[in-house]
Amino acid sequence: MVNKIISSATEALQDVPDGATVMIGGFGGAGQPAYLIEALIDQGASQLTIINNNAGNGETGLAALLKARRVRKIICSFPRQTDSHVFDGLYRSGEIELELVPQGNLAERIRAAGAGIGAFFTPTGYGTELARGKETRTIAGRHYVLEYPLHADFALIAAETADRWGNLTYRKTARNFGPIMAMAATVSVAQVKTVVELGAIDPEVVVTPSIFVDRVVQIGPLAAMGQGT
Amino acid sequence: MKRISRDALAARVAQDIPAGAYVNLGIGLPTLVANHLPSEREVILHTENGLLGMGPAPLPGAEDFDLINAGKQPVTALAGAAYFHHGDSFAMMRGGHLDICVLGGFQVSARGDLANWHTGAPDAIPAVGGAMDLASGARRVFVMMEHFTKDGQSKIVRECTYPLTGVACVSRIYTDLAVIEVTPSGLAVTEIYGELGFKELAALGDVPLTDHTKDHIKDPTR
Chain A
651 MVNKIISSAT EALQDVPDGA TVMIGGFGGA GQPAYLIEAL IDQGASQLTI
701 INNNAGNGET GLAALLKARR VRKIICSFPR QTDSHVFDGL YRSGEIELEL
751 VPQGNLAERI RAAGAGIGAF FTPTGYGTEL ARGKETRTIA GRHYVLEYPL
801 HADFALIAAE TADRWGNLTY RKTARNFGPI MAMAATVSVA QVKTVVELGA
851 IDPEVVVTPS IFVDRVVQIG PLAAMGQGT
Chain B
657 MKRISRDALA ARVAQDIPAG AYVNLGIGLP TLVANHLPSE REVILHTENG
707 LLGMGPAPLP GAEDFDLINA GKQPVTALAG AAYFHHGDSF AMMRGGHLDI
757 CVLGGFQVSA RGDLANWHTG APDAIPAVGG AMDLASGARR VFVMMEHFTK
807 DGQSKIVREC TYPLTGVACV SRIYTDLAVI EVTPSGLAVT EIYGELGFKE
857 LAALGDVPLT DHTKDHIKDP TR
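Residue numbers (my numbering), protein chains in the order written: chain A, 651 to 879; chain B, 657 to 878.
A portion of the hints provided could be inaccurate.
[Stated by the list, open to error] DSS-like cross-link-like pairs, simulated, lysine-lysine; straight-line CA separation at most 30 Å:
id : chain 1 : residue 1 : chain 2 : residue 2
1  : B       : K855      : B       : K658
2  : B       : K658      : B       : K811
3  : B       : K658      : B       : K728
4  : A       : K723      : B       : K806
5  : B       : K855      : B       : K728
6  : A       : K717      : B       : K728
7  : B       : K855      : B       : K811
8  : A       : K843      : B       : K870
9  : A       : K654      : A       : K843
[Unchecked claim] Sample of chain A residues at the chain B side, in silico, Cβ under 8 Å:
id : residue
10 : F677
11 : G679
12 : K717
13 : R730
14 : A757
15 : R761
16 : P773
17 : G775
18 : T819
19 : R821
20 : A824
21 : G828
22 : P829
None of these hints come from the bench; they were simulated from the model.
Virtual Cβ for every residue (Gly too), placed ideally from N, Cα, C.
Work out the full structure: start from the sequences and follow the hints.
Quick look at the structure:
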């Protein structure tokens with residue numbers, strides 16, 4: 651029987667090694683897998699490369715992982731925010747490396763990794779300092795920059811509902827990077843609010859098909875699990 | 657000279673957004689444009705974090721932090737709205753599906769280069785977000801900004817001195833003094849608010865401007 655439901659976040663992340671590249675879903679707080687991030691902090695892996703849209707907000711979630719000094723490098727589009735003081739401090743003191751990527755190129759590089767695309771030409775960033783040193787090409791009169799896929803060892807994402815095969819649905823704009831990150835990592839781990847019986851998610855509304863999901867952890871009391879809720 | 661308020665500027669931009677348009681409003685000043693779109697005009701707002709059909713801010717107490725805009729503020733979803741992931745959201749931009757995006761600006765050059773993401777200051781932490789994707793992807797790029805910096809420098813320049821967001825990407829500039837179209841032959845002033853004359857406006861900066869304030873410019877977005 652295929653069953654990707656793991657009983658604890660600790661167990662789901664036990665094999666994340668030092669130096670791993672880890673994608674973390676979310677746009678600010680929406681869709682941020684806070685439960686899995688907490689488990690990753692407890693697990694202790696360090697020297698991580700993190701791929702996220704931002705670089706943490708306040709003191710929790712991704713900001714807490716940064717504060718625990720587990721992150722060597724962050725690849726993101728928008729680190730600077732009113733409440734990104736943890737990142738700001740590490741960056742200014744030279745304790746974290748930043749690779750800044752335009753948001754659409756970040757999304758497409760992740761998607762390309764999941765889709766087996768070797769590289770792609772994008773108009774975004776052409777003629778700017780974020781394309782400096784990169785190969786360019788003019789195609790049908792338009793200028794493009796060559797960008798490469800972004801793979802990860804692990805993807806940690808937040809979804810709304812899963813079944814034991816790992817089919818996922820999301821909630822509102824918390825979907826953001828979840829579906830593409832699930833495709834792009836060797837091991838993708840989803841935290842979900844609800845686990846339902848196989849067949850309870852209408853195949854027409856599955857957003858991330860189970861093939862892209864390796865492990866599922868339900869947030870909160872595990873007692874709810876076997877009850878088909 | 658008459659400078660219009662931020663709200664009046666937003667209202668002026670809103671006038672040029674036609675019914676049926678798919679529009680992305682950048683964070684900051686452009687967000688105000690939504691407040692001036694008449695409710696009977698159906699304009700479909702896109703937010704880069706995965707929503708088409710974005711509605712206004714919710715009532716206090718009704719915020720849902722799974723439903724936010726690109727500025728990470730709670731919003732609502734209108735009837736007809738759709739959610740999607742980031743890959744699709746940016747395909748909407750890069751694929752030329754958005755009719756208009758409205759962006760803020762630090763500088764716009766004579767050929768329509770835009771600088772709006774980074775001052776280049778050595779101690780500044782750079783952040784780009786979706787600005788470069790919008791600048792290069794939307795069919796028409798409207799920039800709304802004050803005409804002058806706080807220390808009186810024109811933000812319309814021969815060449816941008818700040819790092820670029822996009823090359824020759826701006827369609828039209830709305831400042832607190834005038835509306836300026838970016839054309840293949842340079843910057844064409846189509847409207848000046850108040851009593852300021854064209855020659856006086858042109859004398860405020862060193863960029864060549866042409867006077868089209870008397871023309872009947874047919875707004876191509878209408």
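Here is how each hint holds up against the structure:
1. This hinted pair checks out: K855/B and K658/B have alpha carbons roughly 15 Å apart, not beyond 30 Å.
2. Of the pairs offered as hints, the one joining K658/B and K811/B holds, with about 17 Å between alpha carbons and a cut-off of 30 Å not exceeded.
3. Between K658/B and K728/B the CA atoms are separated by roughly 34 Å; this puts the pair beyond 30 Å, and the hint is violated.
4. Our distance criterion of 30 Å between C-alpha atoms is broken by K723/A and K806/B, whose separation comes to about 36 Å.
5. Between K855/B and K728/B, the direct Cα distance comes to roughly 42 Å. Violation of the 30 Å bound is thereby established for this hinted pair.
6. Annotation: proposed proximity of K717/A to K728/B holds, straight-line Cα distance about 22 Å (limit 30 Å).
7. For the hint pairing K855/B with K811/B, the CA-to-CA distance comes to about 18 Å; that is within 30 Å, so the pair holds.
8. The straight-line distance between the Cα atoms of K843/A and K870/B is roughly 61 Å, outside the 30 Å bound, and the hint therefore fails.
9. A distance of roughly 15 Å separates the Cα atoms of K654/A and K843/A; the hinted pair therefore holds under the 30 Å criterion.
10. The criterion of a C-beta within 8 Å of any C-beta in chain B is met by F677/A, whose closest approach is roughly 4 Å, and the hint holds.
11. Because the smallest distance between the Cβ of G679/A and any Cβ of chain B comes to about 6 Å, under 8 Å, the interface hint for this residue holds.
12. Checking K717/A against chain B by beta carbon gives a least distance of about 17 Å; that is not within 8 Å, so the hint is violated.
13. Residue-level restraint check for R730/A holds (minimum Cβ-Cβ distance to chain B is 4 Å; threshold 8 Å).
14. Hint status for A757/A: holds, given a least beta-carbon distance of 4 Å to chain B, under 8 Å.
15. Annotation: R761/A was flagged as interfacial toward chain B, and the flag holds, the nearest CB pair being 4 Å apart, inside 8 Å.
16. At its closest, the beta carbon of P773/A sits 4 Å from a beta carbon of chain B; the interface hint therefore holds under the 8 Å criterion.
17. Hint status for G775/A: holds, given a least beta-carbon distance of 5 Å to chain B, under 8 Å.
18. About 11 Å separates the beta-carbon of T819/A from the nearest beta-carbon of chain B, more than 8 Å, and the hint is not met.
19. Interface restraint check for R821/A: the shortest CB-CB distance to chain B comes to about 5 Å, inside 8 Å, so the restraint holds.
20. Taken as an interface hint, A824/A checks out: its beta carbon lies about 4 Å from the nearest beta carbon of chain B, inside 8 Å.
21. The criterion of a C-beta within 8 Å of any C-beta in chain B is met by G828/A, whose closest approach is roughly 7 Å, and the hint holds.
22. For the restraint placing P829/A at the interface with chain B, the shortest Cβ-Cβ distance is roughly 4 Å, inside the 8 Å limit, so the hint holds.
Violated hints, in rising order: 3, 4, 5, 8, 12 and 18; the structure is consistent with all others.
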